[in-house]
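J.: If you want the building blocks of each chain, they are given just below.
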Amino acid sequence: MNDWLTTILILLPIGAGLAVWLLPWSNQAAGSFALLASLVEVGVWINAVVRFDFDGSLQLDQQHSWFGDLGVSYHVGLYGYSLWLVGMSVVVMTAAIAYAFWVGRERPRAYFGLMLFLTGAVVGVFAAQDLLLFYVFFEAMLIPLYVLIGVWGGAGRMGATIKFVIYTMAGSLLMLAAIVVYGLSEGTFDMVEGGPSTNEWAFLGFAVAFAVKAPLFPLHGWLPDAYRESSAEVSAVLSGVVSKAAGYGFFAIAIAKFPEPAQDLQPLLLGLATAGLVYGSFLAFRAPDIRGVIAYSSLAQMSLITIGLFALNDLGFTGGVLHMVNHGLVSAALFLIAGAVERRTSTGELARLGGMARGRPILATVLMATGVIALAVPGSSAFAGEFLILSGIFGEGWMWAAVGALAIVLAAMYMIRLISGVLHQDVGAAVPDEALDLRPAELAVIAPLVACLLALSVWPAGITEHLSF
Amino acid sequence: MTKPTVDWFALSPALALLAAAGVALLGAVLVPRRAVNVVSAAVCALGFLGAGVAAGLLYWKSPEATYEVADAIRRDRFGTLAQMVIAGAGFLAVGISYAHRLRREHVGEYYALLAAAGGGMVFLVQASNLMTLFLGLEWFSICLYILCAIEIDRVGSLEAGLKYLIVGSFGSAILLFGSALVYGATGELEFGAIATAIDQQGLRNDGLVLAGLALLIAGLGFKASAAPFHMWTPDVYEGAPTPVTAFMSAATKTVALVLAMRVLVTAFPAEEDLWTIAVAVLACISLAWGNIAALVQRNLKRMLAYSSVSHAGFMLIAIAANNELGAKALLYYLIPYSAASLGAFAVIAARERELGERVTLDNVGGMGWERPVLGVAMWIFMLAFAGLPLTGGFVGKFYVFAAAYDRGWWWLVIAGVIATAISLYYYLAVVRALYMRMPAELQLAPAGGSPPREALLQASVVACMAVTVVSFFAVEPMIDVAEKAAAHLPF
Chain A
14 MNDWLTTILI LLPIGAGLAV WLLPWSNQAA GSFALLASLV EVGVWINAVV RFDFDGSLQL
74 DQQHSWFGDL GVSYHVGLYG YSLWLVGMSV VVMTAAIAYA FWVGRERPRA YFGLMLFLTG
134 AVVGVFAAQD LLLFYVFFEA MLIPLYVLIG VWGGAGRMGA TIKFVIYTMA GSLLMLAAIV
194 VYGLSEGTFD MVEGGPSTNE WAFLGFAVAF AVKAPLFPLH GWLPDAYRES SAEVSAVLSG
254 VVSKAAGYGF FAIAIAKFPE PAQDLQPLLL GLATAGLVYG SFLAFRAPDI RGVIAYSSLA
314 QMSLITIGLF ALNDLGFTGG VLHMVNHGLV SAALFLIAGA VERRTSTGEL ARLGGMARGR
374 PILATVLMAT GVIALAVPGS SAFAGEFLIL SGIFGEGWMW AAVGALAIVL AAMYMIRLIS
434 GVLHQDVGAA VPDEALDLRP AELAVIAPLV ACLLALSVWP AGITEHLSF
Chain B
62 MTKPTVDWFA LSPALALLAA AGVALLGAVL VPRRAVNVVS AAVCALGFLG AGVAAGLLYW
122 KSPEATYEVA DAIRRDRFGT LAQMVIAGAG FLAVGISYAH RLRREHVGEY YALLAAAGGG
182 MVFLVQASNL MTLFLGLEWF SICLYILCAI EIDRVGSLEA GLKYLIVGSF GSAILLFGSA
242 LVYGATGELE FGAIATAIDQ QGLRNDGLVL AGLALLIAGL GFKASAAPFH MWTPDVYEGA
302 PTPVTAFMSA ATKTVALVLA MRVLVTAFPA EEDLWTIAVA VLACISLAWG NIAALVQRNL
362 KRMLAYSSVS HAGFMLIAIA ANNELGAKAL LYYLIPYSAA SLGAFAVIAA RERELGERVT
422 LDNVGGMGWE RPVLGVAMWI FMLAFAGLPL TGGFVGKFYV FAAAYDRGWW WLVIAGVIAT
482 AISLYYYLAV VRALYMRMPA ELQLAPAGGS PPREALLQAS VVACMAVTVV SFFAVEPMID
542 VAEKAAAHLP F
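Chains as they are written, first to last, in the numbering used here: chain A, 14 to 482; chain B, 62 to 552.
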């Protein structure tokens, strides 16, 4: 009942982040220390997996009263599904930190400090078992992201950060109101003790917050700017990790605590998600640059995940969680590859790229492998996830499943366009002959992500049979 | 006519500060010139420290609320907790003032007035009848009028002092008129007795009582700078010497709101359905006006002035809730709010001294990287104002919303949520200016030389930062203290 492991998973990166930021490290030392800390974090997570008992109960939990008069406590712990999301997050964060270290970001102490702080906040979101604590971590993600985009972003970063923050905070504040309503009427803010509620307004408060964060159509206005203006590894974290906090929230709070409103409003959520799925896919197909394709595909994939979760049956949940892990790894890998391409050509515009496969076999292989998994080719883990989602939603109405199946075709269209736009066709104007292949260091960052994907493709049951709903 | 017994212990916080004021004034004459600054500041700081310790002891030794000195003041934990906040604010304000350049002949007076203003404030939060209320209010207000105008060479400072004097006196007059009406209707001065009289003589719908109540709320609204009685706030905050602004924004707000809650809850429980609505409406107006006006400010002091109007709105929500949770929320909210407010003005003061001109969003550009401690502190204060986690501002807002919801007023929660969303824009604009624009981009002329050494200011800022952050983690002990204080109000 009182297990420190989850707390260590949260506090280790935050403590390391403070150490990086406060102590007078040299640039090299700061990066190395940050990378080491995130690798240790992965090690701690592996330890958690080893010790985990997949029997459906809350594991590795710990509880301390925070302010008892309203029934708020520091309560953390992991279920099977949150364990996998935490694992995906720490792996992606490690890759992002390693990539940033290799690229050599300016002001490394502040940069790595914020990245590590973000890691802790993300783990906290997945581990929190108290609604107010969940909110705290959910917002705490925003603070480092705001600075990471605003300071180290591209030329249009100011507009991007303002949009990002105003959108997400407007959603989150509605969630805070919903938390107040739920917590005071239940008498506790604890997610384990609190019973199901029938308050539709509170449900909507949560749903809007998560719909902004995911994002879902039509609340995705911040997405293209934020994903384009951030540095590559921050985009990877945004689409890979941060958006999953929304999927997790839908699943663990909006659906779990409000079963009746979720059932009543299922058509609304499914309608928005299918609209976003089709719309995002078409935009991805039309996007003029690599980041645009990945950003809008992210919109589409998060919509697909939402469809799976709002199928409101076990198949849909299983598929949703598996696909969250898949998409986290895929989109992170794609954004890092996009960053590598942009570094070589100083542009992401597909019109000025092309023919990069020639003489760059490693880049071609990695992009091809990731892209093929992303378009859910049968046998890939993404296929397993999408198949489960579609089977789940089929039980709720065949039309939803038909639209979902259409999306797989669309995904193939935009991913193949991306792959061929970068790798094949004539050599683009922005691709100089001396643009090198992936360096060993870059490969060492991206390859583990692809390896995880391949492992999941071979054995998706590793996750689907260890979710412990 | 018997002579009333005087509980000197209950008066000790005010007496400590009065003594400090007297010693500081004497010191200005007797101490050698170059030591005047050190001695006055030290005496003033000791006065606030003494008042804080005395208030702490009073809190500890007053498990039951009692009336003292012929029922003129009330010795209870509600008042003493507010005294501790005021004393803390004053103590830190001394640290912020220390390096402030004043004309030599004004140094002693400055610290004496600061201590005297603090004395009036700690006296006022104990007030339990209409006479002591007015006495305390004028006592600290007059000190503040002079403090605002103390830089007589600067037109802005004179203007601020004069404006505050005129508008503040107007507010006081309204308050006095309201008191007179209430006294005329009920024949009572003491808050509890007013409530009894209204109840027993059936004055619930009496025109005089209602008019008096309305005027009392308006008068306190002036002091708390709640919209639409906030007109003086931006000009005075901007013109006054920045350390004075820092002290006012924290301490005056505390006094006015704590007193408002005490008066309304103790004296007018029978009119509860009326004044809660009135206060809720004032809260909404303050939230709307403060936040929207702050959006367009470039001058940081004016921006924070409007932000303080909007925070008055948040705290008025807690008062409007009229329940024990609301009292707890108010008392808790005041602590991180005061710390963040003092700290933010202190950072502005530091930048002001460095540049020698008014601080705007443009000329703080890049300050976060140049002066890392002040930058991070300002960042944290802005997060606290915006109510983001890892600062006590978040917990304060949460409690305020919970209190409003507990009363069943979910629309106030929504108003607060919308106001918070708007406020993010300008709070984050400060962070953006600090970190995301490089001085090179802004083409500022290099100021030349290193910034002035201000160890005490830095220490005060760090202390404010510590309070802001620690109040987030240590909620339980602080809420316990606030709960015991709230229990001394008759809900």
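Calculated from the structure, these hints are not laboratory results.
Each hint should be verified, as a subset may be incorrect.
[Claimed, not checked] Some, not all, of what chain B presents toward chain A, calculated at C-beta under 10 Å:
1. Trp350
2. Leu489
3. Ala490
4. Tyr496
Glycine included, C-beta positions come from ideal geometry on N, C-alpha and C.
J.: Hints first: check each against the structure and report whether it holds.
T.: Consistency of the hints with the structure:
1. Annotation: interface hint on tryptophan 350(B) violated; nearest CB of chain A at approximately 20 Å, more than 10 Å.
2. The criterion of a C-beta within 10 Å of any C-beta in chain A is met by leucine 489(B), whose closest approach is roughly 6 Å, and the hint holds.
3. Hint status for alanine 490(B) relative to chain A: holds, with the closest Cβ pair at about 9 Å, below 10 Å.
4. Below 10 Å, beta-carbon pairs count as interface contacts, and tyrosine 496(B) has one with chain A at about 6 Å; its hint therefore holds.
Of the numbered hints listed earlier, the single one contradicted by the structure is hint 1.
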